[in-house]
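There are 2 protein chains.
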Amino acid sequence: MPRTAFIVSGRTAITAEMLAHSLITQFEDVTIRRIVLPYIDTPEKAEQAVAQIRAQALTDQCRPLVFSTFINAHLRQLFDIPEALMMDFFESFIGPLEQELQRPSGHTAGKVHGIANFEEYKNRIDAVNFTTAHDDGGMAKNLQDADVILVGVSRSGKTPTCLYLALQYGIKAANYPFTPEDFAQHALPKPLLPFRHKLFGITIEPERLAQIRFSRKPDSHYCKLETCQDEVAQAETLMLAENIPYLNTTRLSIEELSTTIMLKAGLKRRCY
Amino acid sequence: MPRTAFIVSGRTAITAEMLAHSLITQFEDVTIRRIVLPYIDTPEKAEQAVAQIRAQALTDQCRPLVFSTFINAHLRQLFDIPEALMMDFFESFIGPLEQELQRPSGHTAGKVHGIANFEEYKNRIDAVNFTTAHDDGGMAKNLQDADVILVGVSRSGKTPTCLYLALQYGIKAANYPFTPEDFAQHALPKPLLPFRHKLFGITIEPERLAQIRFSRKPDSHYCKLETCQDEVAQAETLMLAENIPYLNTTRLSIEELSTTIMLKAGLKRRCY
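Chains V and D, in that order, are what the protein sequence lines are.
Mapping of the first sequence onto this note's numbering: position 227 corresponds to residue 245, and the numbering continues sequentially without gaps.
Mapping of the second sequence onto this note's numbering: position 262 corresponds to residue 280, and the numbering continues sequentially without gaps.
All the pointers check out, no bait thrown in.
The list cannot tell twin chains apart, which means a pair is met if one copy fits it or any two copies do.
List of simulated lysine-lysine pairs, DSBU-like, C-alpha gap at most 35 Å:
(1) Lys242 <-> Lys216
(2) Lys216 <-> Lys282
(3) Lys216 <-> Lys140
(4) Lys140 <-> Lys235
(5) Lys242 <-> Lys208
(6) Lys140 <-> Lys242
(7) Lys129 <-> Lys216
(8) Lys129 <-> Lys242
(9) Lys286 <-> Lys216
(10) Lys282 <-> Lys208
For the record, the hints were derived by calculation from the structure and aren't laboratory data.
Please construct the entire structure, taking both the sequences and the accompanying hints into account.
The following block contains the structure:
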């Protein structure tokens, strides 16, 4: 029997969605349809949302799950109805925190995903600008400003990881491809030499790489399995010889790569 | 008196960090230092983390706050120590959900930020590739594959928003700048004409735009306040005349812009 989950928030609903997702994915054998209702910031909008939840309960013939992050306790209380299972993340934790810190919380909305701190926000935009300008070996002369430089063969997944590091952590992440010409030299590309302490490698299984390259340029030398095997082997040899730490992206998501790079490269986030 | 918050997880700690951030920012007058401990996935690592928390309690002379998202109940229990205030997200919500859904949860780690669903993962990488290729008017002929096309004057904030839409929602988001030449024609740029139903505008206060442009190209005509006032006024006139919905980015974060665009353009996320 399919169920419905409502994800409700006074602001973007991003936190509520992530928390709901983490819980829902623990029940794989239940089909749970999700309806996201962001910017529920007035009693009128809240009452409309409650009416929608009640209607869904009738349609589904069972209680919708409601995941919410209401800072405003009055709005939240409007959702305390017997027709739904209400799980509010603030309600559960803000009380124990207020007691521990011996003061009331601010009850201020828009702190999490708004422009709460302009300095942090600037760090983030600067990092995104830096990262897009330094994609795929671009503007190699400005690499001294990079926090980290991802290296690896073409299509190993450097770009999405760099973009994630920039957007989510405010990290200036350049990336620089290893090419067959570099392997012929048995040495790091020249522009990277002054920055070897900032290098972090990404490798990938040749079979996966061949698939990805095939979907970009089918019938090319570039996407042949032997080409991929050869390039990956040489890249790994080079990284080992040069003492560059590296990760295999084949079974790691962008988030897993990014958080591991943050940890292993000792990087500190510059924005939330 | 400064406090310490530990953010602990068996995986990336991204969910735990967001949860902690959303709670901590409600206590603005308390200085709370954050220590993130991801990939705590063995009893040995958990015991090390607990020792670090105990040591911090002594240093701080008060209890650290511990925010966690442990799927593994055994690991989580190791953190139930009197020297810390433990707030585990799963512990609080998985019980009520199991009861409501009348089945046990999977207790499977890596569901949230791992490659849980390869199809979704591919959507995401495809969206990132599309978005980087279609930044700033690039590859205008492939715009038929775009889910949304952001328009606005140069430096109004289109690129970071497009990247966020691609990375977080798997949305193929192109962007296309309005230039003084377009305004001279009093018409939409030709490549956009077949796709006007996909257009979403971004505008910005001229004073902010001048600041941003100045930091990129000081002493240019491009960054003069009058230039910015003129371009913004003409862009807004054009968007109104062409019935293009638009948002003002001056006080909106990337997340607020992105979630509002998703909502107003009726877009559905293609990945988690």
